[in-house]
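Start from chain A and add chain B according to the hints.
These are the residues of each chain, in order.
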Amino acid sequence: MSEVASSTRHLIDVMGTVVTVDLFHVSDNDEARDAVERVRALLVDVDRVFSTYKASSPVSRLRRGELTLGETPPQVADVLDLCQQAKTLTGGWFDPWALPGGVDPTGYVKGWAAQLALEELRALDVTGAIVNAAGDIASFGGPDLESNFRTGIVRPDDPQRFAAVVELRGCLATSGEAERGAHLFNPFSHTFVSAVASASVTGPNLGVCDAFATALSVGGHDVMVLIDKVDGYEAMTLDFAGSMRATPGFAFVRE
Amino acid sequence: MKRSPIVAVGTVVGLASVLSFHSSPAKISLSAATGVSTTQPVTTTTKKQTTTTAPATTTTTARTTTTQKQSSTGATTTAPATTTTAPAASTTTAPATTTTVAATGVRSATGPSVNYYFGVLSVKVTANGKKITAVTIGTINDGGNPRSVQVDQYAIPILEQEAVAAQSSNIQSVSGASYTSAGFQMSLQYALKHLGI
Numbered sequence: 114m115s116e117v118a119s120s121t122r123h124l125i126d127v128m129g130t131v132v133t134v135d136l137f138h139v140s141d142n143d144e145a146r147d148a149v150e151r152v153r154a155l156l157v158d159v160d161r162v163f164s165t166y167k168a169s170s171p172v173s174r175l176r177r178g179e180l181t182l183g184e185t186p187p188q189v190a191d192v193l194d195l196c197q198q199a200k201t202l203t204g205g206w207f208d209p210w211a212l213p214g215g216v217d218p219t220g221y222v223k224g225w226a227a228q229l230a231l232e233e234l235r236a237l238d239v240t241g242a243i244v245n246a247a248g249d250i251a252s253f254g255g256p257d258l259e260s261n262f263r264t265g266i267v268r269p270d271d272p273q274r275f276a277a278v279v280e281l282r283g284c285l286a287t288s289g290e291a292e293r294g295a296h297l298f299n300p301f302s303h304t305f306v307s308a309v310a311s312a313s314v315t316g317p318n319l320g321v322c323d324a325f326a327t328a329l330s331v332g333g334h335d336v337m338v339l340i341d342k343v344d345g346y347e348a349m350t351l352d353f354a355g356s357m358r359a360t361p362g363f364a365f366v367r368e
Numbered sequence: 274m275k276r277s278p279i280v281a282v283g284t285v286v287g288l289a290s291v292l293s294f295h296s297s298p299a300k301i302s303l304s305a306a307t308g309v310s311t312t313q314p315v316t317t318t319t320k321k322q323t324t325t326t327a328p329a330t331t332t333t334t335a336r337t338t339t340t341q342k343q344s345s346t347g348a349t350t351t352a353p354a355t356t357t358t359a360p361a362a363s364t365t366t367a368p369a370t371t372t373t374v375a376a377t378g379v380r381s382a383t384g385p386s387v388n389y390y391f392g393v394l395s396v397k398v399t400a401n402g403k404k405i406t407a408v409t410i411g412t413i414n415d416g417g418n419p420r421s422v423q424v425d426q427y428a429i430p431i432l433e434q435e436a437v438a439a440q441s442s443n444i445q446s447v448s449g450a451s452y453t454s455a456g457f458q459m460s461l462q463y464a465l466k467h468l469g470i
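Chains as they are written, first to last, in this note's numbering: chain A, 114 to 368; chain B, 274 to 470.
Hint data in this document are derived by calculation from the structure and do not stem from the laboratory.
Note that the structure is predicted; figures quoted are calculated from it, not measured.
Each hint should be verified, as a subset may be incorrect.
[Stated by the list, open to error] Some chain B residues close to chain A (C-beta under 10 angstroms, calculated; not the full set):
| id | residue |
| --- | --- |
| 1 | Thr383 |
| 2 | Ser446 |
| 3 | Val447 |
| 4 | Ser448 |
| 5 | Phe457 |
Even glycine gets a Cβ: it sits at the ideal position worked out from N, Cα and C.
Chain A on its own, in the form it takes in the complex (with noise of 0.2 angstroms):
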């Protein structure tokens, strides 16, 4: 069945939700299963230090004070380094230090941490991978040697059909409404209130694709101007009327 390829999902439950790591023609299962069980690991010890549900993580402890920036694991830095840099590119609209509570990066770190889990995998004699972190998609290859990836968007309002389908060439984050209620902070207004329903971003590095994804949806077409305008990033959002926009590279399937 030339539809279905040969592919294997491991499930790894950590950071409160399921991370899906699926391979696609694994040619030695022993590499295979001991990469997963890195990425495994790697995925615990990046809740184990970013966890802001976890009073003891490093981070919940920085957040209150406990912990200087140089007394947290050098990670740490690392990733308010990169928040930094998604910040200046949103125009703002990205802001981990604006958040009620004290400097809050887990915006970044999902799609950061599933980022460094491809990475795992990369060397793996496989035709393509996918690792998904509750809808925050990295990836690499294809479900064989002739095709890329695919992957369906869910409409905000109605989850049992897809706004549209994409071709996955990277990595694909989405924020908005229908996932956690209305979470998502806009650092201008200082309100919990979203611009749009539904917010994707593509690009080669899942960490800057979460930090986009969640900007844009709180500040809506402006920032999409700006992702426009770094190399290798689209985006669509999905607006409370189910209207849509994208940016002109966006990699729709036509269906």
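Positioned in the frame of chain A, the structure of chain B alone reads:
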């Protein structure tokens, strides 16, 4: 910038509209301009993490193989039949086709009860042939705490719907609107496996 780079694609239904393209000025190159780099943090961090002893977790690695379903046919496994059946039948009971034997008609299976963030749940899957027609919660016990009930009320219907949507197109992943419960996914995977899907 005077150009209008953003294209209104129209409504979801009107996806077929032509995307016009306006000539772009030079784009910002992220890695060159800002130093955002995937590889630098990757190597440093992963090396550290491979040697880190992870705290004990309940992590489970479930394996399902999409094309080789020999282990998923359960009670209806027909592989052994090759030794006893007529030649015509034995040609249909090769390992690769055992799932098609199992995966016919309308049937349902409930995955095991698994722990999720707020309690215990199991997922029930109904299928017609190899097509999933419904995904519902078989059983759930969230202990009645208000936060849990609130999460369940919006998360569970989304999960149920997504599982149905995901198999309706030729896609490998789903993005957006998903509060993905690990417990839900695990019970779902086992139910699907039992159904030979």
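| said: Holds or violated: the hint that Thr383/B contacts chain A, with Cβ atoms closer than 10 angstroms. | reply: Result: violated, 18 angstroms to nearest chain A Cβ.
| said: Hint Phe457/B vs chain A: min CB-CB distance below 10 angstroms? | reply: holds, 8 angstroms
| query | Would the hint on Val447/B stand, with a C-beta cut-off of 10 angstroms toward chain A? | reply | holds, 5 angstroms
| message | Quick check on the hint: Ser448/B CB to chain A CB, less than 10 angstroms? | response | holds, 4 angstroms
| message | Please check whether Ser446/B passes as an interface residue: C-beta within 10 angstroms of a C-beta belonging to chain A. | response | With a minimum Cβ separation of about 5 angstroms from chain A (threshold 10 angstroms), the hint on Ser446/B holds.
When held up to the earlier numbered hints, the structure conflicts with hint 1 and nothing else.
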